[in-house]
Amino acid sequence: MRTFLSETRFIYYNSSGIVYLGNKANSSLKDCNLWIDIVDPSEFDFKFLESEFEIDSDTIQLIRQGAKRAQVRILDKYIFGIYLDIRYKTFKKLLIEGIYTYLGKDWMITIHSSDVNILSSIKHTMEKKNKRILEASIEALYFVLVDEIIGRYEQLLTSIEITITDFEQESLYEKSSEEMLDYLDMITRQLIILRRHFWYTRDVINYQLHMEEQNKDLKYLKIIYDNITQLIDLIESYGDTINSTRDLYLANISLRLNDTMRILTIFSVVLLPLTLIAGIYGMNGLDLTKIDHLPSGLLDVLITMIVISVVLLLYFRHKKWIMVSKPVKVLNSIQFRTSRV
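In terms of our numbering, the sequence shown has 205 at position 191, counting the first letter as 1, and numbering is strictly consecutive.
What the hints contain is simulated information worked out from the structure, not anything from laboratory work. Ideal placement from N, C-alpha and C gives every residue a C-beta, glycine not left out. You may find that some hints are simply not true.
Said to hold, decoys possible - Now the in silico label distances, taken between C-beta atoms and shown as ranges:
{"hint": "1", "residue 1": "Lys-91", "residue 2": "Gln-183", "range": "48 to 56 Å"}
{"hint": "2", "residue 1": "Arg-331", "residue 2": "Lys-107", "range": "44 to 52 Å"}
{"hint": "3", "residue 1": "Thr-289", "residue 2": "Lys-106", "range": "49 to 57 Å"}
{"hint": "4", "residue 1": "Thr-274", "residue 2": "Gln-85", "range": "52 to 60 Å"}
{"hint": "5", "residue 1": "Val-325", "residue 2": "Thr-274", "range": "23 to 31 Å"}
{"hint": "6", "residue 1": "Thr-179", "residue 2": "Thr-274", "range": "27 to 35 Å"}
{"hint": "7", "residue 1": "Asp-273", "residue 2": "Leu-313", "range": "32 to 40 Å"}
Let's have the full structure, built from the sequences with the hints guiding it.
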């Protein structure tokens with residue numbers, strides 16, 4: 015047995031379930047499929063892979079460089095693949111981590127950083143005594159892994175969809191802000207990035223479908239291909255939703271500008287006749303400190319001005335330009351869903 019310094023787990027399993035799980039290789043176990051999960055690999059891990067599994071140095075170099083583009087290489091003794099774990103680090107920043115896989119005849123190796131957890135979810139599936147996985151070849155477990163990665167993409171898009179819906183509701187009922195427009199532009203850029211990565215992932219799956227047409231477990235891979243295709247279609251629809259939300263935002267801005275101009279117009283219309291009457295009557299030189307000597311007709315002028323103001327305000331209210339009751343809609347503040355199951 016060899017003990018590994020990094021967080022490496024060896025999982026041996028057969029049709030009965032998991033036979034052994036630990037941080038040491040156990041060569042005494044025969045007739046078992048082997049899954050090695052390496053977290054934050056060291057140079058010792060790479061040397062072990064080269065010596066024990068004859069791993070190509072070019073693929074190891076890709077892991078060292080942290081390659082983050084989905085791809086697949088079908089070699090003589092194994093299949094090397096790169097998949098991506100994508101999630102939100104913050105509200106505005108996507109965190110993309112590579113998941114590197116090697117698939118052999120009866121063994122599979124996964125390599126990733128400590129920020130990515132794939133062991134617990136896949137191991138939970140195996141512990142359920144899932145006969146279809148345990149009795150099948152190691153490729154079935156590989157397809158379960160790929161399906162788990164695609165499932166996380168779906169959770170990510172769900173959180174984005176909820177956020178877009180919240181923005182859309184706010185653009186209808188709340189006062190829109192330039193910050194919201196910036197967020198929409200940010201999500202648009204993120205969707206472009208996601209779409210590109212999803213395209214690469216779909217190409218990887220499609221390539222494997224055509225290269226291994228005789229594999230009886232390919233039906234699982236076909237389901238995964240359909241799922242990633244649906245996610246790409248969802249991204250396209252989200253783009254249309256964002257465009258409509260942006261149009262609603264601009265329409266809301268236009269309505270607010272119209273409201274401002276309407277208020278200014280009302281003030282001007284009300285004050286214009288009052289200013290005209292005051293100018294004709296000559297009230298600019300009126301000394302209001304001498305109440306006993308006020309000019310005759312002042313009271314009539316004041317009453318006339320008040321009546322004109324009231325009549326104009328009543329007219330504007332009749333036209334529903336002012337004092338129009340609006341239903342109050344209370345919206346919860348947008349809280350972006352980035353939690354993952």
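Against the structure, the hints come out as follows:
Under the hint 48 to 56 Å, the C-beta atoms of Lys-91 and Gln-183, about 55 Å apart, fit the expected range. The given range of 44 to 52 Å is respected by Arg-331 and Lys-107, whose C-beta atoms sit roughly 51 Å from each other. Look at Thr-289 against Lys-106: about 52 Å separates their beta carbons, and that is inside 49 to 57 Å. In this structure the supplied range 52 to 60 Å holds for Thr-274 paired with Gln-85, their Cβ-Cβ distance being about 55 Å.
Between Val-325 and Thr-274 the C-beta distance comes to about 24 Å, which sits within the given range of 23 to 31 Å. The given range of 27 to 35 Å is respected by Thr-179 and Thr-274, whose C-beta atoms sit roughly 29 Å from each other. Between Asp-273 and Leu-313 the CB atoms are about 37 Å apart, so this pair conforms to the stated range of 32 to 40 Å.
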